Amino acid sequence: MSNNESIEDKPVKIDKWDGTALKNSLDDAAKKVMLEKGYKMKECSRLMDGRLVICTIAVGFAMFALVWDYLKPFPQSKPVLIVCVLSYFILMGILTLYTTYKEMGIFLVALEKDKAGVDPDDIWTLSSVLKKYDDMYTLQISFQDGKTKKTQTIEKQRSVANFFDEEGILHFEKFEQFVKQIKESLNTDKKNK
Amino acid sequence: MAGLLDFDFLDEVRRMNKRQLYYQALNFGMIVSSALMIWKGLMVVTGSESPIVVVLSGSMEPAFYRGDLLLLTNHPEEPIRVGEIVVFKIEGRDIPIVHRVLKIHEKEDGSLKFLTKGDNNSVDDRGLYAQGQFWLEKKDVVGRARGFLPYVGIVTILMNDYPKFKYLVLACLGIYVLIHRE
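First to last, the protein sequences are chains G and P. Numbering-wise, the working numbering puts 189 at position 189 of the first sequence, and it's gapless, one number per residue. Count along the second sequence starting at 1, add 193, and that's the number in the working numbering.
No lab work stands behind these hints, which were simulated from the structure alone. Fair warning: this is a prediction, and the values are worked out from it, not measured in the lab. Misleading hints may appear alongside valid ones.
List of simulated lysine-lysine pairs, PhoX-like, C-alpha gap at most 25 Å [what the hints assert, rightly or not]:
#, chain 1, residue 1, chain 2, residue 2
1, G, K10, G, K149
2, P, K306, G, K102
3, P, K306, P, K331
4, P, K332, G, K40
5, G, K72, P, K211
6, G, K132, G, K42
7, P, K211, G, K78
8, G, K32, P, K331
9, G, K23, P, K331
10, P, K211, G, K31
11, G, K78, G, K183
12, G, K23, G, K149
13, G, K72, G, K102
14, G, K42, P, K332
15, G, K132, G, K72
16, P, K332, P, K306
17, P, K331, G, K13
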């Protein structure tokens, strides 16, 4: 099983022409910077859980319709089918609204404990955009102070070519620098006030 | 580097946490569910237990050829009339048959018996029906042809003729969805 343990340290290699893989690996790396390397914040996965709940219920309706239709063949199962089909498509609509208006490309919500442990947690939110057929990766980091509830946001754009080599291997240190740079610029803003 | 031996293509999956893995499975489930719900939705709208069928034989040529896709409806209030093309099931046969209505006997209470024949066949369908069955009834009807798309169903015929090919295609698509992130 040594193979499994080493996956964390293995350099990330992807198909560099695959836009989703590029974005996913960069998002994951940004997560790693915030949660493991250096900052040790705690991930708050409520946003992802919301999506999981919606999907689970939707699939549940579909499976229920399948079983019900099997037990009571078609004309009898009609009312149940109508309910299941309508609920399924309504849930799909809700899911679309949820991902476009609630998640909005946010891939990480991290909580930073107050050092004294008195004030509520500071909230860091990371979202990213990588347009199809485009090499510019936009990372947006926003910071909400736990006490004052004031939010600041900074976003920076870089070409993915800065972080990946020709083989499609992610150079973590370079990306880590990029993330830290954005994060620190937010922190200094806070101190200046 | 020993590329494939390391199962590099699984790296994306191996890097996922529990939530992502679950979402991956859900994603697969949702693709299946969407197809299923569209089908069940069509069933409800058309009233037919199988709203889309593929013509598998040449017995209705020149109206329908092998591989044509038929759209069916089966609303109980629409009467069956001579000359209409119906899809019906026969006990002991898995595959429904698409043929034209030749004769009808209708009673005042609405119950009816009818006989069918394929346009391209020289005799009526009595020989195809179950042993001792001379007429079809409403309960045998899957639906009536309302529209058709020529040749689209040829893929289905190929898949039926070569089941291994079908399972291969399905397996490949399934694996692709499971290991590929969004």
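Cross-check of the supplied hints:
1. G:K10 x G:K149: Cα-Cα ~39 Å, so violated.
2. P:K306 x G:K102: violated, 58 Å
3. P:K306 x P:K331: Distance of about 8 Å is within 25 Å: holds.
4. P:K332 x G:K40: Between K332 of chain P and K40 of chain G the Cα gap is close to 67 Å, so the pair fails against 25 Å, i.e. violated.
5. G:K72 x P:K211: violated, 36 Å
6. G:K132 x G:K42: violated, 31 Å
7. P:K211 x G:K78: Cα-Cα ~37 Å, so violated.
8. G:K32 x P:K331: violated, 64 Å
9. G:K23 x P:K331: Violated, at roughly 57 Å.
10. P:K211 x G:K31: It holds: about 15 Å lies between the C-alpha atoms, which stays within 25 Å.
11. G:K78 x G:K183: violated, 56 Å
12. G:K23 x G:K149: The given pair, whose Cα atoms are some 30 Å apart, is violated under the 25 Å limit.
13. G:K72 x G:K102: Answer violated: K72 of chain G to K102 of chain G is near 39 Å, above 25 Å.
14. G:K42 x P:K332: violated, 62 Å
15. G:K132 x G:K72: violated, 46 Å
16. P:K332 x P:K306: holds, 10 Å
17. P:K331 x G:K13: violated, 62 Å
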